[in-house]
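S.K.: Kindly produce the complete structure, drawing on both the sequences and the hints.
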Amino acid sequence: MRGLLCWLMLLLLLQPWETQLQLTGPRCHTGPLDLVFVIDSSRSVRPFEFETMRQFLMGLLPGLNVGPNATRVGVIQYSSQVQSVFPLRAFSRREDMERAIRDLVPLAQGTMTGLAIQYAMNVAFSVAEGARPPEERVPRVAVIVTDGRPQDRVAEVAAQARARGIEIYAVGVQRADVGSLRAMASPPLDEHVFLVESFDLIQEFGLQFQSRLCAIDLCAEGTHGCEHHCVNSPGSYFCRCQVGFVLQQDQRSCRAIDYCSFGNHSCQHECVSTPGGPRCHCREGHDLQPDGRSCQVRDLCNGVDHGCEFQCVSEGLSYRCLCPEGRQLQADGKSCNRCREGHVDLVLLVDGSKSVRPQNFELVKRFVNQIVDFLDVSPEGTRVGLVQFSSRVRTEFPLGRYGTAAEVKQAVLAVEYMERGTMTGLALRHMVEHSFSEAQGARPRALNVPRVGLVFTDGRSQDDISVWAARAKEEGIVMYAVGVGKAVEAELREIASEPAELHVSYAPDFGTMTHLLENLRGSICPEEGISAGTELRSPCECESLVEFQGRTLGALESLTLNHILWGWWRGLEGK
1220 MRGLLCWLML
1230 LLLLQPWETQ
1240 LQLTGPRCHT
1250 GPLDLVFVID
1260 SSRSVRPFEF
1270 ETMRQFLMGL
1280 LPGLNVGPNA
1290 TRVGVIQYSS
1300 QVQSVFPLRA
1310 FSRREDMERA
1320 IRDLVPLAQG
1330 TMTGLAIQYA
1340 MNVAFSVAEG
1350 ARPPEERVPR
1360 VAVIVTDGRP
1370 QDRVAEVAAQ
1380 ARARGIEIYA
1390 VGVQRADVGS
1400 LRAMASPPLD
1410 EHVFLVESFD
1420 LIQEFGLQFQ
1430 SRLCAIDLCA
1440 EGTHGCEHHC
1450 VNSPGSYFCR
1460 CQVGFVLQQD
1470 QRSCRAIDYC
1480 SFGNHSCQHE
1490 CVSTPGGPRC
1500 HCREGHDLQP
1510 DGRSCQVRDL
1520 CNGVDHGCEF
1530 QCVSEGLSYR
1540 CLCPEGRQLQ
1550 ADGKSCNRCR
1560 EGHVDLVLLV
1570 DGSKSVRPQN
1580 FELVKRFVNQ
1590 IVDFLDVSPE
1600 GTRVGLVQFS
1610 SRVRTEFPLG
1620 RYGTAAEVKQ
1630 AVLAVEYMER
1640 GTMTGLALRH
1650 MVEHSFSEAQ
1660 GARPRALNVP
1670 RVGLVFTDGR
1680 SQDDISVWAA
1690 RAKEEGIVMY
1700 AVGVGKAVEA
1710 ELREIASEPA
1720 ELHVSYAPDF
1730 GTMTHLLENL
1740 RGSICPEEGI
1750 SAGTELRSPC
1760 ECESLVEFQG
1770 RTLGALESLT
1780 LNHILWGWWR
1790 GLEGK
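Residue numbers for the sequence shown follow this note's numbering, beginning at 1220 and rising by one.
No lab work stands behind these hints, which were simulated from the structure alone.
All figures in this text were calculated on a predicted structure; none of them were measured in a lab.
Virtual Cβ for every residue (Gly too), placed ideally from N, Cα, C.
You may find that some hints are simply not true.
As the list claims (entries may be wrong) - Straight-line distance between alpha carbons at most 20 Å, and here's what the computed PhoX-like set of lysine-lysine pairs gives: (1) K1705 - K1573; (2) K1584 - K1573; (3) K1628 - K1692.
Claimed, not checked - Quick list of the computed label-pair ranges, beta carbon to beta carbon: (4) E1626 - Q1508: 37 to 45 Å; (5) G1384 - A1319: 24 to 32 Å; (6) G1286 - R1613: 30 to 38 Å; (7) S1610 - V1324: 52 to 60 Å; (8) V1324 - G1286: 26 to 34 Å; (9) A1550 - A1475: 50 to 58 Å.
M.R.: Written out as structure tokens, the structure is:
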């Protein structure tokens, strides 16, 4: 330990008494060290003596190589109790330490030295307080300065501290009990026990440090041969390897630890040894799972901007785009041809509550624009309106405002997130009373243009939805409900038209909403009615719904007339 503490003597010599001694020969070791001063501030220490001790501590600091990776310093004082002046982790600058020492106020009570040693052992030298872990082999040194006889037992607790690797120096001043000093200090006692006659002469023990503790810094001479690190020890040195390496038999060279060779990594694909331990690596086209061991085929559709208009399908190291039934993939391999005969008034009710969160709201807007991509948006074809709701309801744009898909998509991207609550019932009422009015751009009911409402929500409504959900369907609005995350299935079914299986869609999170588009295509291209013997035709080949409904009404009127004539004929037969 001589080499570890000769800096202490040097610091003392560099104070006003620096001319008393000039060091010659190899310089002293000033390597990494965890140093704690244990200062007696009992009532027996007079104010001027305590001031001398304060100046003594401050005089030590300038020569220290203070820093997180060098020397760490802590100070505790004690009397009948123990007080931490500052722990090892507190300061990395001498100026901050000096300020704390200047503000130090003595406790001026009893002399519980054993209690102070126990505190230093259990608290001051703990990793939580800033001491380096034992495996780093950084020396731990306690310097106890006292002027009297302890009022508690010190031998047993000092032995425990030494057994834990703490090297103790006992410095007695004036009235100090030599027997207690010897019971506290580390062996050999003649190198760890110091006694001075008064506080005025406390600097003299620094001179004794010079002859007993100053050792040659063998690491500094550059002949150690350590591949990574050289660490000084009293009168010698040892080599230490960086984390992830092990010292070889020559005690100088280092070899990287092959953690994978231990056979306990459990990696599904490949194990890669790193300085921090084994790391699992997946083959190309796979992603490492949260358990850090297993691998899963990468879903390229979620990891790249695939550009598919309708649906992306991941296929190993590549992907391909799909179109819904009845629509053909275009030459660009991404877009689908459109249905040109569908006439729909479509109002989208988008949940803008706080639970959605801004980044997910952007995904919702992207999802809405993917829906718009299916539509033949025009004043004569499909009209689109958008309503956002939270604690209140706001029409972002009505049905009659935009006449092209590009205009609608641009308006969707410009929508600002509202946050706050989830008043789904209020949104449904707004849709029924306002959104499908002719003033908002809906076509007159006489034209029999289908009215479709699509509600998008991620949670439970904070108001009642039953009345206006039923009212919407009574008004002839075909309702679709799209739920994400914590959306309540019962509410989605109550909002949607029958059958619920065709009008309710759900995604577990915002990142997996794309697959819902296929479920919603029925609201985009209206199909002809299907009955026995009727061929199911492509949505893009369907006739105008207005024409179809006109033919249906004509057929119903014909059936009604036939029924009346049949009843009249039966009546004549009965006469």
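S.K.: Take the hints in turn and mark each one as holding or not.
M.R.: Structure-based check of each hint:
1. K1705 - K1573: Answer holds: K1705 to K1573 is near 13 Å, not above 20 Å.
2. K1584 - K1573: holds, 16 Å
3. K1628 - K1692: Violated, at roughly 28 Å.
4. E1626 - Q1508: 37 to 45 Å: This hint holds: roughly 43 Å between Cβ atoms.
5. G1384 - A1319: 24 to 32 Å: holds, 26 Å
6. G1286 - R1613: 30 to 38 Å: violated, 58 Å
7. S1610 - V1324: 52 to 60 Å: holds, 56 Å
8. V1324 - G1286: 26 to 34 Å: For G1286 against V1324, whose Cβ atoms are near 28 Å apart, the range 26 to 34 Å holds.
9. A1550 - A1475: 50 to 58 Å: This hint holds: roughly 54 Å between Cβ atoms.
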